[in-house]
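Peer 1: One letter stands for each residue in the lines below.
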Amino acid sequence: GEQVEQRPPHLSVREGDSAIIICTYTDSATAYFSWYKQEAGAGLQLLMSVLSNVDRKEEQGLTVLLNKKDKRLSLNLTAAHPGDSAVYFCAVSVSNTNKVVFGTGTRLQVLP
Amino acid sequence: EAGVTQSPRYAVLQEGQAVSFWCDPISGHDTLYWYQQPRDQGPQLLVYFRDEAVIDNSQLPSDRFSAVRPKGTNSTLKIQSAKQGDTATYLCASSPSSERLFFGHGTKLSVL
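Sequence order for the protein chains is A and B.
Note that the working numbering has the first sequence beginning at 1, numbered continuously upward.
Note that the working numbering has the second sequence beginning at 1001, numbered continuously upward.
Just so you know, the hints here were simulated from the structure itself, not pulled from any lab data.
Just so you know, not all the hints are guaranteed correct.
Straight-line Cα separation of at most 16 Å, EDC-like style, residue types lysine to aspartate or glutamate; simulated pairs [as the list claims (entries may be wrong)]: (1) B/Lys1071 with B/Asp1024; (2) A/Lys71 with A/Asp27; (3) A/Lys99 with B/Asp1051; (4) A/Lys37 with A/Glu59; (5) B/Lys1108 with B/Asp1086; (6) A/Lys69 with A/Asp27; (7) A/Lys99 with A/Asp27; (8) A/Lys57 with B/Glu1099; (9) B/Lys1078 with B/Asp1024; (10) A/Lys68 with A/Glu5; (11) A/Lys68 with A/Asp27; (12) A/Lys99 with B/Glu1099; (13) A/Lys99 with B/Asp1056; (14) B/Lys1083 with B/Asp1063; (15) B/Lys1078 with B/Glu1015; (16) B/Lys1108 with A/Glu39; (17) A/Lys37 with B/Asp1040; (18) A/Lys68 with A/Glu2; (19) A/Lys69 with A/Asp55; (20) A/Lys71 with A/Glu5; (21) A/Lys99 with B/Asp1030.
One chain only, chain B, in its complex shape (with noise of 0.2 Å):
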């Protein structure tokens, strides 16, 4: 069974620049979640979706951040002018159920 698929696996910006996360989840997992991981730091939730809704976003800046899952299938996190606090590692995991979620390698950004 192919696992959760994150590219690209490294990305350098400049501020200011915009840059866009794809994932592609395991296939039937109808949950799928977008996490932020600051050096050192635990998994902050930005996002899930359920199929192609959005469920949560409360933690996603919404005025540079945006996340899409327009067929219930693969999704896209971008983001507009970044900063460099917004250097991180960026999680995507997907799940048949809350009980075990299934975890790509992950985007490291840094943001220079």
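Same shape as in the complex, but just chain A (with noise of 0.2 Å):
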């Protein structure tokens, strides 16, 4: 079945600066490509999908990149502030089902 990894599981960032998370999986056919925020003792909220044929997508501050050839999906925040201190995770959606796979988690902390 496919399989997610993410990288890193924890990052720490000052305020200004950008912050990259990185995930990659296995199906080549995953049809929609998800990335979800946590914050403590709430649900998981969605701040981006896309679709299998969009390479680029850029949307308040969030850019997510898709690399169909080596697999591999990566979330930047730009400018990150300490509001955006939360569990990150990428989400996969496999091909010609609904069943949805979520990486390992990225805990990132913004410092002032």
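Reconstruct the complex from the two isolated chains, following the hints.
Peer 2: Here it is in structure tokens:
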């Protein structure tokens, strides 16, 4: 089945710096790629999703890049601020199903 | 629009006890997911439904876990004879498609 690896597990940056999180996956037929944010004591919230035919998507300070050749998905938070501190998860949707597999998570800390 | 509702928020059990988790999805979402999230790990899919039908329960420990969604709306996840290794947060999510999942706050289970 689909395997998703995510790195780094922990990331600390200064306010205003960029933070980059990377996921790799195994199923080349994956249909959707998503990033979720989980704040303390809360459920996961969708940040952004891209279809497999999209290489790059930017939205409100977030950039998602998809490299299908290398089976790599990245999330770049430009100009991070303390409110971005949370755990971030990538998720991939297995083709021809509604099955969604999550990465292992990255705990991001943005220091003032 | 009401979100995904889960209850209870917390449960504390002794090993060997049973517990049920309840999920009320967003109205009109035909797909419902149960995930297990151990501390500091990513969500791991247990089972998902489309309407009342189980689509994939291959990761559900069938000897002690069961899940139902009898009318294609609310769902119950039950653990018979809980073990310490079941300690985790149990997340319910609903979706009109696999592109976006809407999560509840989760039920945090501690098995002593």
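Peer 1: Please go over all the hints and tell whether each is borne out by the structure.
Peer 2: Hint by hint, here is what the structure shows:
For the suggested pair B/Lys1071 and B/Asp1024, the alpha carbons sit about 12 Å apart, so the restraint of at most 16 Å is met. Proximity of A/Lys71 to A/Asp27 is assessed by CA-CA distance (about 8 Å); at most 16 Å being required, the pair is judged to hold. A threshold of 16 Å between alpha carbons decides the hint, and for A/Lys99 with B/Asp1051 the separation of about 14 Å falls inside it, so the pair holds. As the CA atoms of A/Lys37 and A/Glu59 are separated by approximately 15 Å, the hinted pair is consistent with the 16 Å bound.
For the hint linking B/Lys1108 to B/Asp1086, the alpha-carbon distance of about 10 Å falls within 16 Å, and the restraint holds. Between A/Lys69 and A/Asp27 the alpha-carbon distance is near 11 Å, which keeps this suggested pair within the 16 Å criterion. In summary, the hint linking A/Lys99 to A/Asp27 is supported, as the alpha carbons are separated by about 12 Å, within the 16 Å threshold. With a C-alpha separation of about 15 Å, the suggested pair A/Lys57 and B/Glu1099 falls inside the 16 Å cut-off, and the hint holds.
Annotation: proposed proximity of B/Lys1078 to B/Asp1024 holds, straight-line Cα distance about 15 Å (limit 16 Å). Proximity of A/Lys68 to A/Glu5 is assessed by CA-CA distance (about 15 Å); at most 16 Å being required, the pair is judged to hold. Restraint check for A/Lys68 and A/Asp27: satisfied, since their Cα atoms lie roughly 10 Å apart, inside the 16 Å limit. For the suggested pair A/Lys99 and B/Glu1099, the alpha carbons sit about 10 Å apart, so the restraint of at most 16 Å is met.
Among the hinted pairs, A/Lys99 with B/Asp1056 is consistent with the structure: their alpha-carbon atoms are about 8 Å apart, no more than 16 Å. Only pairs whose Cα atoms come within 16 Å are accepted, and B/Lys1083 paired with B/Asp1063 is accepted, the gap being roughly 12 Å. For the hint pairing B/Lys1078 with B/Glu1015, the CA-to-CA distance comes to about 14 Å; that is within 16 Å, so the pair holds. The straight-line distance between the Cα atoms of B/Lys1108 and A/Glu39 is roughly 15 Å, inside the 16 Å bound, and the hint therefore holds.
Proposed proximity of A/Lys37 and B/Asp1040 is supported: the alpha carbons are some 14 Å apart, at most 16 Å. Of the pairs offered as hints, the one joining A/Lys68 and A/Glu2 holds, with about 15 Å between alpha carbons and a cut-off of 16 Å not exceeded. In summary, the hint linking A/Lys69 to A/Asp55 is supported, as the alpha carbons are separated by about 11 Å, within the 16 Å threshold. Distance hint between A/Lys71 and A/Glu5 is fulfilled; the C-alpha atoms sit about 11 Å from each other, no more than 16 Å.
Distance hint between A/Lys99 and B/Asp1030 is fulfilled; the C-alpha atoms sit about 13 Å from each other, no more than 16 Å.
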